[in-house]
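Sequence order for the protein chains is A and B. All the letters of the first sequence, read from the start, carry residue numbers 538 to 651 under our numbering. All the letters of the second sequence, read from the start, carry residue numbers 2 to 112 under our numbering.
Errors might be hidden in some of the hints.
As the list claims (entries may be wrong) - Among chain A residues calculated to face chain B with C-beta under 7 Å, some are:
#, residue
1, 545
2, 579
3, 580
4, 582
5, 636
6, 640
7, 642
Hints are computed from structural coordinates only; laboratory data are not their basis. Every residue gets a Cβ at the ideal spot worked out from N, C-alpha and C, and that includes glycine.
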Amino acid sequence: DTAVSQTPKYLVTQMGNDKSIKCEQNLGHDTMYWYKQDSKKFLKIMFSYNNKELIINETVPNRFSPKSPDKAHLNLHINSLELGDSAVYFCASSSSGRSTDTQYFGPGTRLTVL
Amino acid sequence: GDSVTQMEGPVTLSEEACLTINCTYTATGYPSLFWYVQYPGEGLQLLLKATKADDKGSNKGFEATYRKETTSFHLEKGSVQVSDSAVYFCALCQGAQKLVFGQGTRLTINP
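Build out the structure end to end from the sequences listed, making use of the hints.
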């Protein structure tokens, strides 16, 4: 009974391709997030959704498009992949999006663009 | 904008040594503060948190105290184990409800 799950765990693809990463949480949380971890382990917020509504869009190229079909899912679609998109992408969720809430992270998706 | 600065790593210690990983922050308001841990090949797990000044978070023998006067949230453990080897991230959250992370500190404990 994984709390926050992501698929796939690994994704290897060519430059220019389009790919999607899926995220699901079974915690009943209202808020979900995407973070990017670069090769130096630095983590940065990309997006957050609260009740399927986009709350944070952190100057991410518009090749990245999040979609939240319902509160339990937040998917990330990436068009025209570039070498610099190679990273580990983490999905997270929190109960209400308050600053005091704990965010629960998925296991990550390692994207490699060749 | 808000930021978090952590002690540069990597840190290598022997088992049973004392650990301190320094963390300071810059924020306009009163953020909540967190330590997350990332074990090899895994996602991040919350280690501990503190949501207001002078609060002490603790878990698994680790402690950190929210010091508003020094804008710090240093992570401490009295006796580390090999299983504590991981990357540790200090983070803050306020207002915009996004976690702002430090650069991470890689900790290796040798038997």
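Going down the list of hints, with the structure as the test:
1. The criterion of a C-beta within 7 Å of any C-beta in chain B is not met by residue 545 of chain A, whose closest approach is roughly 14 Å, and the hint is violated.
2. Annotation: interface hint on residue 579 of chain A holds; nearest CB of chain B at approximately 6 Å, less than 7 Å.
3. Evaluation of the residue 580 of chain A hint against chain B yields a held restraint, the C-beta minimum of about 4 Å falling below 7 Å.
4. Evaluation of the residue 582 of chain A hint against chain B yields a held restraint, the C-beta minimum of about 4 Å falling below 7 Å.
5. Because the beta carbon of residue 636 of chain A sits about 4 Å from the nearest beta carbon in chain B, less than 7 Å, this interface hint is met.
6. Taken as an interface hint, residue 640 of chain A checks out: its beta carbon lies about 6 Å from the nearest beta carbon of chain B, inside 7 Å.
7. Among the interface hints, the one on residue 642 of chain A holds; its C-beta lies about 4 Å from the nearest C-beta in chain B, closer than the 7 Å criterion.
Checked against the numbered hints listed earlier, the structure breaks hint 1 alone; every other hint is satisfied.
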